[in-house]
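Trainee: Below are the chains, spelled out letter by letter.
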Amino acid sequence: MNRIDQRFSELKQQGRKALIPYITAGDPAPQYTVGFMHALVEAGADVIELGVPFSDPMADGPVIQKACERALKQGTRLVDLMQMVKEFRQTDTTTPVVLMGYLNPIERIGYENFADQAASVGVDGVLIVDMPPEEAEEIGPLLKSRDLAAIFLVAPTTSNQRAATICAHGEGYLYYVSLKGVTGAATLNADDVAEHLAPLRGMTDLPLCVGFGIRDGVTAAEVAKVADGVIVGSALVNRIAESVDAPETIAGQLKSVLAEMRTAMDA
Amino acid sequence: MTVSATPTPKTKFSDLTRMPDARGHFGPYGGRFVSETLSFALEELEKTYLSLRDDPDFQAEFDYDLAHYVGRPSPLYHAKRWSASLGGAQIWLKREDLNHTGAHKVNNTIGQALLAKKTGKPRIIAETGAGQHGVASATVAARLGLECDVYMGAEDVQRQKLNVYRMRLLGARVIPVESGTRTLKDAMNEALRDWVTNVDNTFYIIGTVAGPHPYPLLVRDFNAVVGREARRQSLEQIGRLPDALIACVGGGSNALGLFYPFVEDDDVAMYGVEAGGDGVETGRHAAPLASNAPRGVLHGNRTYLMSDEAGQVSDTHSISAGLDYPGVGPEHALWKDVGRVSYVAANDKEVLEAFRELTHMEGIMPALESAHALAHAKVLAPTMRPDQHIVVNLSGRGDKDIMTVAKVDGIEF
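Just so you know, the sequences run in chain order A and B.
Throughout the first sequence, residue numbering follows our numbering, covering 119 to 385 in sequence.
Throughout the second sequence, residue numbering follows our numbering, covering -16 to 396 in sequence.
In short, the hints are calculated from the structure, not lab data.
Don't take every hint at face value.
[As the list claims (entries may be wrong)] Chain B is faced by these chain A residues, among others (derived, beta-carbon under 10 Å):
| hint | residue |
| --- | --- |
| 1 | Met119 |
| 2 | Phe172 |
| 3 | Met176 |
| 4 | Val181 |
| 5 | Met200 |
| 6 | Gln201 |
| 7 | Arg226 |
| 8 | Glu252 |
| 9 | Phe270 |
| 10 | Ser277 |
| 11 | Ala282 |
| 12 | His287 |
| 13 | Glu289 |
| 14 | Val295 |
| 15 | Lys373 |
| 16 | Val375 |
[Stated by the list, open to error] Dumping the calculated BS3-like pairs for lysine-lysine here, alpha-carbon to alpha-carbon at most 25 Å:
| hint | chain 1 | residue 1 | chain 2 | residue 2 |
| --- | --- | --- | --- | --- |
| 17 | B | Lys101 | B | Lys361 |
| 18 | B | Lys30 | B | Lys144 |
| 19 | B | Lys104 | B | Lys30 |
| 20 | A | Lys262 | A | Lys204 |
| 21 | A | Lys298 | B | Lys361 |
| 22 | B | Lys144 | B | Lys101 |
| 23 | A | Lys262 | A | Lys184 |
| 24 | B | Lys100 | A | Lys298 |
| 25 | A | Lys298 | B | Lys30 |
| 26 | A | Lys298 | B | Lys104 |
| 27 | B | Lys144 | B | Lys361 |
| 28 | B | Lys390 | B | Lys63 |
Every residue gets a Cβ at the ideal spot worked out from N, C-alpha and C, and that includes glycine.
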């Protein structure tokens, strides 16, 4: 069983919701990333979304754009992420890791090469922001045959017909984008989210996780009431941005942001 | 000059008129690579456009605006003096520079504005490089009473101050984009971010034959009036089809507009001229096709894309802001692969020479973008006979570039 499925099945038994932090790999520099991943797990992360920095992150707001710029300035490449996951797996063999990013870096190293490397270092899922299921015909089978979950987005603008297609292709979990906009844009409305999740429940057994607009324990707890998982990105990346001059303090800050959410969600 | 190998098989070219397929693919290129939030808006746009594409009323409205607002047809002008000085083929200029707002860009914005009107959205956004598409968008927005925001790379805001002020006079808001390389690609990123946020009330007028499906299709269709006129005018004025067509290629909308109605005319050679910058061999250019850049995905479509080995999009360089883009329309990518069009590059120095030559010899000041096409005409014409004919798309006028040229000459105002 894929680590993602395993994790969600454990959470279901425990009656708990998944907490899924996102950080951009290589931000503020590549040598810190694995340490941050372990810190996030210690603070209660159930799945880690590791961002692949890209020069043109079209779906991201300024916070993650700048994270990409910092990571790229340090020369972070997709092949470096593979090494980070490999290193992470030396001591953590159970926390699922999802690579999240844009298609071009994957296109450039080749789909098969990417899938081989990801599977061999212990990646569990792949979320490519600018690749809806219609464009995933070629890479889909390559991921599937290596037990890598292809995770897709569902948005407030997604029609029921499209949602059904996405549910049919999706694996691991569904990433529900809580608002129209880029990452880090605004605060979500939990009632709205609940309303949009309801029809999805009828279409799929996949866990429904919600991202965009979750800033603190209060919003995380609100979302956890209606979703199976809570995804938090910009709120963490903001902390990294504020402390680029004191990188040794970042792991502790990430832990405290995430622990607050964990506590609020489990209360 | 870099000329790509162009074996021209006599087959398959008729297939090219049947592109894209139902999902917006031009062979391996094109498609709809966007984040999920935009999928619905693109499906809607596709549905709206396909329902109007063959609607006689819609076409009549479009044609009326092109005739009475844009001033079409634009002339096909025989540049006799310049042709004689080059000592070869006769050069004919398709005078898109004489359109209202000064470039071919308005053909597309008129068409997309009609679509915006049909969809009832009160707000328009656009990206712009040289500012021509921004001006054309601000113009149609003013005419229809729509709110208009134009994203423009901060570097381009600097080098195209005149167009920035034109847009402001027209009532548009020009938003300088400070991220990335601060040029056209970053303006497009920011426009996409705006659209994803305001998708309910906003129509995004993409200015070139790139972007997610259906944009490459509809921008091509709206610009194809250029080639239809040029074809008819060639038959009337030359008495036959030309031997060659030349157009500059950034995203590639003026080139596709001219080329598309000739695509099945196998005897008409076609040359797309990309921005060679300091020279393709220096790496400082914006010529993904002529330099054989790898395949990649950016701004919603797969195409030839200048990127490094890790897949990060490369910085581009060109004297002309309108061609300063690392990708190219997906239909051009296919036409390169099947050998229908030869894609070459002209470097900044050659472009400035062509700019000065046409200005001096014909009294026509071309846009620096269009001067790329002229630079290749200078190379090609002398290799041809005086009874042969070349049609060059003079896609825009050069008024906006006077400051750039003055700076090269060391003149400050």
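Trainee: Identify whether the interface hint at Glu289/A stands, where standing means a beta carbon of chain B within less than 10 Å of its own.
Mentor: violated (16 Å)
Trainee: Once the shortest beta carbon distance from Val375/A to chain B is found, is it less than 10 Å?
Mentor: violated (25 Å)
Trainee: Is the hinted pair Lys298/A and Lys30/B satisfied, with a Cα-Cα distance of at most 25 Å?
Mentor: Status holds; Cα separation ~22 Å.
Trainee: Check whether the Cα positions of Lys298/A and Lys361/B lie no farther apart than 25 Å.
Mentor: Given pair Lys298/A, Lys361/B is violated - Cα atoms ~50 Å apart, limit 25 Å.
Trainee: Measure nothing beyond the straight line between the CA atoms of Lys262/A and Lys204/A; if it is 25 Å or shorter, mark the hint as holding.
Mentor: Holds, at roughly 20 Å.
Trainee: Regarding the pair Lys144/B and Lys101/B, is the alpha-carbon distance no greater than 25 Å?
Mentor: With a Cα-Cα distance of about 33 Å, the restraint between Lys144/B and Lys101/B is violated, given a limit of 25 Å.
Trainee: At a threshold of 10 Å, is the proposed contact between Glu252/A and chain B supported by beta-carbon distances?
Mentor: holds (7 Å)
Trainee: If you take the shortest Cβ to Cβ gap from Ser277/A to chain B, is it below 10 Å?
Mentor: Constraint on Ser277/A satisfied, holds at 6 Å.
Trainee: Would the hint linking Lys30/B and Lys144/B be met if the CA-CA limit is 25 Å?
Mentor: At roughly 38 Å apart (the allowed maximum being 25 Å), Lys144/B and Lys30/B break the hint.
Trainee: Against chain B, run the beta carbon of Gln201/A and see if the smallest gap drops under 10 Å.
Mentor: Check failed: Cβ of Gln201/A comes no nearer than 14 Å to chain B, outside 10 Å.
Trainee: Given the hint that Lys101/B pairs with Lys361/B, does the C-alpha gap stay at or below 25 Å?
Mentor: violated (44 Å)
Trainee: Against chain B, with CB atoms and a cut of 10 Å, does the hint on Phe172/A hold up?
Mentor: Holds: closest Cβ of chain B sits about 7 Å from Phe172/A, inside 10 Å.
Against the hints set out earlier in the document, violations occur for numbers 1, 4, 5, 6, 11, 12, 13, 15, 16, 17, 18, 21, 22, 23, 27, 28.
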